[in-house]
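Chemist: Guided by the hints, dock chain E onto chain F, whose structure is given.
Protein chains: 2
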Amino acid sequence: MNNFVYENPTKVCFGRGVISQLGEELKRLGARKIMLVYGGGSIKANGVYDAVVAQLAEHDIAVVEFAGVRGNPVLSHVRAGVELARAEQVDLICGVGGGSVVDESKAIALGAASELDVWEFFAKREVATKALPVMAILTLPATGSEMNGIAVVTNEATDQKGAIVCPGLLNPKVSFLDPETTFSLSPEQTAFACTDILSHLMESYLTTPVEQVLVQDNLLEGVAHAVMDAMAVIMKNPNDYDARAAFMWSATLAWSGICQAGVPGWGMPNHALEMPLSAVYDIAHGAGLSIIIPAWMRVTGAKHEQRILKFGERILGMDAPTTVNAVADALIAYYRSIGSPVTCTEAGIDLDVARLTDLAFVGFKQRGMNDYTKEIITAVFRQTI
Amino acid sequence: MNNFVYENPTKVCFGRGVISQLGEELKRLGARKIMLVYGGGSIKANGVYDAVVAQLAEHDIAVVEFAGVRGNPVLSHVRAGVELARAEQVDLICGVGGGSVVDESKAIALGAASELDVWEFFAKREVATKALPVMAILTLPATGSEMNGIAVVTNEATDQKGAIVCPGLLNPKVSFLDPETTFSLSPEQTAFACTDILSHLMESYLTTPVEQVLVQDNLLEGVAHAVMDAMAVIMKNPNDYDARAAFMWSATLAWSGICQAGVPGWGMPNHALEMPLSAVYDIAHGAGLSIIIPAWMRVTGAKHEQRILKFGERILGMDAPTTVNAVADALIAYYRSIGSPVTCTEAGIDLDVARLTDLAFVGFKQRGMNDYTKEIITAVFRQTI
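The listed protein sequences correspond, in order, to chains F and E.
Take any residue in the first sequence, note its place counting from 1, add 547, and you have its number in our numbering.
Take any residue in the second sequence, note its place counting from 1, add 547, and you have its number in our numbering.
Isolated chain F, as found in the complex (with noise of 0.2 Å):
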């Protein structure tokens, strides 16, 4: 195991009725002007922003609403945000919706708390050390956002998207998470969302490259067991409750920090590989994993043979798996049967090889894996046609 240092301050509030626990938690904070953040308008649809509404008149803490964020948020969308978090002089930043929705509710509350352009935060030119309180009540289970200190914000400028991680400042100081909420929930979102949760699980688990973490392989086996039993339930049943609880908590604990904490030597690439796809043809992230992952492994799947047979028995439940190729077909199999893309072409998506391997091959380097050269990201997005 290597060293680590583990510290998540989120406090969560899970369960039916969470939401009537908001305005004592910002009373508590000292809020007393909040901006609240929100997507497309689905929260007006499931009751939700009712009950955020009432909590804050109930309370007497005023309101700000910013409303808009895409499904992968924009800088220009971002600025605005501040802009007017500024203006306003808002002390708290409330995000209702998905992980889009908290990862801008935390930028806005990194920019407000600054002179800088926020951009700075995310090209890794300036760093963090203040931001406005974040509060996330949240509707769609996926990114985890609700419980770490990361942020993913795309610059439509350039297609590049910047990703923050400020363990501590960015952290929601609560979250709160009702299963209930996501009982609405599209089978096409809840299969995004459950892509992308057990790819956060398989990124630590596929690239470290020793034989056995003993205590992190079995908790990011246990919850992505978890997910996937969750997966097949909502599949027939969409409002059991035990199961949507299970995969919204199972969506929280898998990017919390706590699954990879001290794991060795672990990489991201599939996130490096496919954060160009959904920034330049804004699909899902979710889609856009299911897409990457089988191409990556492959394409790399020679370094990383162990571990992704181990995946394929451990995981997949296959029977004793020889090759990286048969785990990858079962991997195919699986978002299939889930309804989550595993080709560009499914996807809609006409792909420019050359410039995904550009944007691509700088944000390998950003995150300093030199080993992947234009070649290697070539070939793996050529297998994803």
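Hints are not guaranteed to be accurate.
The list makes no distinction among identical chains, and a pair is therefore deemed to hold if it is satisfied within one copy or across any two copies.
[Unchecked claim] Keeping only pairs whose Cα atoms sit at most 30 Å apart, straight-line, the calculated DSS-like set for lysine-lysine is:
| no. | residue 1 | residue 2 |
| --- | --- | --- |
| 1 | Lys720 | Lys677 |
| 2 | Lys857 | Lys671 |
| 3 | Lys580 | Lys591 |
| 4 | Lys783 | Lys912 |
| 5 | Lys857 | Lys783 |
| 6 | Lys671 | Lys912 |
| 7 | Lys574 | Lys671 |
| 8 | Lys850 | Lys720 |
| 9 | Lys912 | Lys677 |
| 10 | Lys921 | Lys720 |
| 11 | Lys850 | Lys921 |
| 12 | Lys720 | Lys783 |
| 13 | Lys580 | Lys677 |
| 14 | Lys591 | Lys720 |
| 15 | Lys574 | Lys720 |
Because the hints were derived from the structure by calculation, they are not lab data.
Modeler: Structure of chain E alone, referenced to chain F:
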């Protein structure tokens, strides 16, 4: 899944040499004069004391030493610590040792921040609202106290163990876990630690009334397997770093709350039964647990049959067990294999069943577990002889 609140603000610094970060962390928290709490001096034999003192000197932090914490911390010693902490006006309590030392550090931190006698909080007559900050440098992984808000103290005047649970307030601000500091633990200490860790996983696993708790069952099983696998390696090679690291991190996770959050309707009957045993006879808590748990299974197993059989199959690796007694037998065989006692006679205890029953009965009442009659409690204690 039940509704829950999960919050665990402890920062964990884990790995080789992490004590070298102590001074910086103390400075970050603004500590100028701390109380160093420890036990019988094993930390002077294994080099930890010297490393700590060097850090304090290097960072110009004054120190008041308070040694002599017993394996089961006693109230008179806690009160002496509180007096000293008040008189010396220390601003932080730093425990160096095992769970008992960390528990006593929390109790002192609580007492020193109040005008009241510290037992008032343990007797549940007062609610704790403030405490000095606590740090932990762990050298005996077992109780999980390094990453939770729990403290247990024995009142020698009444032979009562009092437990206090203050999530957040009593969590150590920072805990330092260096697996190398556990190389020098005796086989007996390691065995009792193993029993203790497993008991933390077993209470909720065995007593929840539901057939399956997706996510939490997998987490509990995964951590239990990690502990048992690590224990097998440690018994052959006490200096195996990865096994000691897995053992240590499992101990922390097992009782950090992450494995139990959301598990429906579970209780802690085995702790309620064991606490008077180690309070009266001053045996190691882990030794008491390996005596109690199989006896508890045999006496109350009908109520928890499905979960006990599941435990036999999924954690002990039995092939489809059909009776509670078969699982109790297998558990006894496991405890014997690691060197933990399974009867009072083996532990050198001439059991006063009536007295223990009276003490345990009070504990069950305090926990609100009213279905544990004196008859049931007596039957369990008789089974342990």
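Chemist: Have a look at Lys783 and Lys912 and pick one of within, between, both or neither, based on CA distance no larger than 30 Å.
Modeler: neither (43 Å within a copy, 44 Å between copies)
Chemist: Since the copies are identical, ignore which copy is meant and state whether Lys720 and Lys783 lie within 30 Å (CA to CA) inside a copy, between copies, both or neither.
Modeler: neither (35 Å within a copy, 45 Å between copies)
Chemist: Should Lys720 paired with Lys677 be assigned to within, between, both, or neither, using CA atoms and 30 Å as the limit?
Modeler: Close inside one copy (14 Å) and across copies (20 Å); limit 30 Å.
Chemist: Between copies, within a copy, both or neither: which fits Lys574 and Lys671 at Cα up to 30 Å?
Modeler: between (34 Å within a copy, 27 Å between copies)
Chemist: At most 30 Å between CA atoms: does that hold for Lys574 and Lys720 within a copy, between copies, both, or neither?
Modeler: both (13 Å within a copy, 24 Å between copies)
Chemist: Check Lys850 against Lys921 for me: Cα-Cα at most 30 Å, and say if that holds within a copy, between copies, both or neither.
Modeler: within (17 Å within a copy, 62 Å between copies)
Chemist: Checking an output row: Lys921 and Lys720, CA cutoff 30 Å. Within, between, both or neither?
Modeler: Neither. Shortest intra-copy (41 Å) and inter-copy (45 Å) distances fail the 30 Å Cα cut-off.
Chemist: Pop the pair Lys857 and Lys783 into one bin, within, between, both or neither, using alpha-carbon distances up to 30 Å.
Modeler: both (29 Å within a copy, 26 Å between copies)
Chemist: Within a copy, between copies, both or neither: where do Lys850 and Lys720 come within 30 Å Cα-Cα?
Modeler: Close neither inside one copy (40 Å) nor across copies (40 Å); limit 30 Å.
Chemist: Since the copies are identical, ignore which copy is meant and state whether Lys591 and Lys720 lie within 30 Å (CA to CA) inside a copy, between copies, both or neither.
Modeler: Classified as within: same-chain Cα gap 24 Å, cross-chain 40 Å, threshold 30 Å.
Chemist: From the Cα coordinates, with 30 Å as the cut-off, is the pair Lys857 and Lys671 best called within, between, both, or neither?
Modeler: neither (36 Å within a copy, 50 Å between copies)
Chemist: Reference check for the pair Lys580 and Lys677, CA-CA at most 30 Å: within, between, both, or neither?
Modeler: both (19 Å within a copy, 28 Å between copies)
Against the hints set out earlier in the document, violations occur for numbers 2, 4, 8, 10 and 12.
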